[in-house]
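Undergrad: Take these sequences, add in the hints, and give me the full structure.
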Amino acid sequence: MLSTTAHLETEEAVNALVPQLVKDRVASRLAAKDSSLWGKKAALEAVHRLGWANPFPASGPLIDPIIELRDELKERGIKRIILAGTGGSTLASEVVSRAAGVELSVIDSTDPGMLAATLTHLDSTLMIVASKSGSTLEMDVAFRVFSEAVQRAGLRLTEHVLVITDPDSPLEQLAHQHRLTMFTADPTVGGRFSALAAFGLVPTGLAGVDVERLLDEAMAAQAECIRDHRENPALILGAALAGQHPQRNKLVIHDDTTHLPGFSAWIEQLVAESTGKQGLGLVPTVQLASSAEDALPDEAEDVLHVYLQGTNDGAHTPAGPGITVTGSIAAQFMVWEYAVAVACRLIGVNPFDQPDVETSKVAARSLLAGEPGNAQTPPNIADGPVCIAAYGDWANNANITDLSSAIEELGAASTSRSYVAVNVFADRNKHREIAATLQTALLEIFKRPTAFGWGPRFLHSTGQAHKGGPAEGIFIHILAGTVNDIDIPGLDHTGGEQLAAQATGDARVLAGRGRPVLMIKADDPAVGLPYIVDKLTEILKRS
Numbered sequence: 122m123l124s125t126t127a128h129l130e131t132e133e134a135v136n137a138l139v140p141q142l143v144k145d146r147v148a149s150r151l152a153a154k155d156s157s158l159w160g161k162k163a164a165l166e167a168v169h170r171l172g173w174a175n176p177f178p179a180s181g182p183l184i185d186p187i188i189e190l191r192d193e194l195k196e197r198g199i200k201r202i203i204l205a206g207t208g209g210s211t212l213a214s215e216v217v218s219r220a221a222g223v224e225l226s227v228i229d230s231t232d233p234g235m236l237a238a239t240l241t242h243l244d245s246t247l248m249i250v251a252s253k254s255g256s257t258l259e260m261d262v263a264f265r266v267f268s269e270a271v272q273r274a275g276l277r278l279t280e281h282v283l284v285i286t287d288p289d290s291p292l293e294q295l296a297h298q299h300r301l302t303m304f305t306a307d308p309t310v311g312g313r314f315s316a317l318a319a320f321g322l323v324p325t326g327l328a329g330v331d332v333e334r335l336l337d338e339a340m341a342a343q344a345e346c347i348r349d350h351r352e353n354p355a356l357i358l359g360a361a362l363a364g365q366h367p368q369r370n371k372l373v374i375h376d377d378t379t380h381l382p383g384f385s386a387w388i389e390q391l392v393a394e395s396t397g398k399q400g401l402g403l404v405p406t407v408q409l410a411s412s413a414e415d416a417l418p419d420e421a422e423d424v425l426h427v428y429l430q431g432t433n434d435g436a437h438t439p440a441g442p443g444i445t446v447t448g449s450i451a452a453q454f455m456v457w458e459y460a461v462a463v464a465c466r467l468i469g470v471n472p473f474d475q476p477d478v479e480t481s482k483v484a485a486r487s488l489l490a491g492e493p494g495n496a497q498t499p500p501n502i503a504d505g506p507v508c509i510a511a512y513g514d515w516a517n518n519a520n521i522t523d524l525s526s527a528i529e530e531l532g533a534a535s536t537s538r539s540y541v542a543v544n545v546f547a548d549r550n551k552h553r554e555i556a557a558t559l560q561t562a563l564l565e566i567f568k569r570p571t572a573f574g575w576g577p578r579f580l581h582s583t584g585q586a587h588k589g590g591p592a593e594g595i596f597i598h599i600l601a602g603t604v605n606d607i608d609i610p611g612l613d614h615t616g617g618e619q620l621a622a623q624a625t626g627d628a629r630v631l632a633g634r635g636r637p638v639l640m641i642k643a644d645d646p647a648v649g650l651p652y653i654v655d656k657l658t659e660i661l662k663r664s
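In this note's numbering, the protein residues as written are 122 to 664.
To be clear, the hints were calculated from the coordinates, so they are not data collected in a lab.
A couple of the hints might just be wrong.
Simulated pairs of lysine-lysine, DSS-like, Cα-Cα distance not exceeding 27 Å [to be verified]:
hint : residue 1 : residue 2
1    : Lys-568   : Lys-656
2    : Lys-200   : Lys-551
3    : Lys-568   : Lys-662
4    : Lys-482   : Lys-551
5    : Lys-551   : Lys-656
TA: Here it is, written out as structure tokens:
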């Protein structure tokens, strides 16, 4: 069952906005792929990006080929599937596989440890390289490393690599060149809206998910989302998200980890990239622990709590403004895609572009090429096993002598509307447990909504909102060093150098836009990351 329930002031916003959305026939116009919903300028792109509104004609025919290939892979002894890509090309598949309890490894980083982990048991491994543009950096690096290892092992690339991409992309050309099996994606479906298209279905189906059932549940949800009716759950959710914007522009998302484990990470990308631009939009923060309601003050007038429920049992009623969304994972995909498109109409932004994502890529490429750029490199200050650097003009470097004083100086830059984003460039499989610990500590120190991101994957999701959305962010980048680096075939830099360039490039771009950035480098993550946690704990004890 799919339902959305708004609470307190959010309910008032919904009641004020939904009747007009119904009158304007927004739901049925979305279903009909009306590109004029977001204005004339946005229509130029929207006309090519609305396939997700009715994905079933293109997605239905994928089911039989997926099942046939899955059976073939099993007969060939393929026991591990790796999905290489990032952002919309991987998040939905990762979420669905996790919820279904099937194994799917995702490589969405240039971190050497994550790259090296793909190179074991090659004879029983299939790598799916997925990219809409066909040129995604993380996908390209993973493919280079993996394909060289496969060929060195005397194995056939055609039996161990599969491609998902748009027609006429560089990746399609590569697939033809190497005679690789390929699924061609619907070019009218953007990456972050592709959960129910080839990018979301093929990897999960090959991993063992019942994709036919997934599509059936999504189709049932779509029937509710396309009605011009006041009870339409997508209209209610869209109005709830945008109805108090720009005053209430921070989303604190709570996952029902029993039924929808990690689903909020997919929502985070959809909301941030779709709404966060032109200085407008919503900043989503996913709660990795359950402390947000206690740590955030009740009077936080810019915070909207969002609760995700897999079933109707035990639905949470927040103490403050918020919304609860209940439904299966397939139903949630559909209602959120429709709702975010509605929210973008209300906010006044184009949901289908991501104008600020490319800036960090350009900065990283410049660093790797040895180009100095316009940004000055701040001085590094040593503190035990880590060193710190303040990017931008927010800090008085004379006041920063160690990590503790840097956090205090960052706190002085905070306002009553700030949010904190801590982004860790490290092997997320090896250091996964640190995420909730860091987020919780910073949430309690700053008493403001706190987002956690793994670098570089966040650059393709919340990174858009960080740079293009409300200029209210305070940023902490943590760059883990590389004990065992890895060469990237065909390129003149290593995985560790690429990761460092991505972290530094993003810090430079953020600082250039007036955002405070604290960079913390830990040459040995096994020592440096626990040290950072200990320092934050000391700050909490003193506060």
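Undergrad: If a hint holds in the structure, say so; if it does not, say that too.
TA: Each hint, compared with the structure:
Taken as a hint, the Lys-568 and Lys-656 pair is honoured in the structure, with Cα atoms around 17 Å apart against an allowance of 27 Å. Under the criterion of a C-alpha separation no larger than 27 Å, the hint pairing Lys-200 with Lys-551 is consistent with the structure, at around 22 Å. Proposed proximity of Lys-568 and Lys-662 is supported: the alpha carbons are some 15 Å apart, at most 27 Å. The straight-line distance between the Cα atoms of Lys-482 and Lys-551 is roughly 25 Å, inside the 27 Å bound, and the hint therefore holds.
Distance check on the hinted pair: Lys-551 and Lys-656 sit about 21 Å apart at the alpha-carbon level, within 27 Å; holds.
Consistency with the previously given hints is maintained throughout, with no hint failing.
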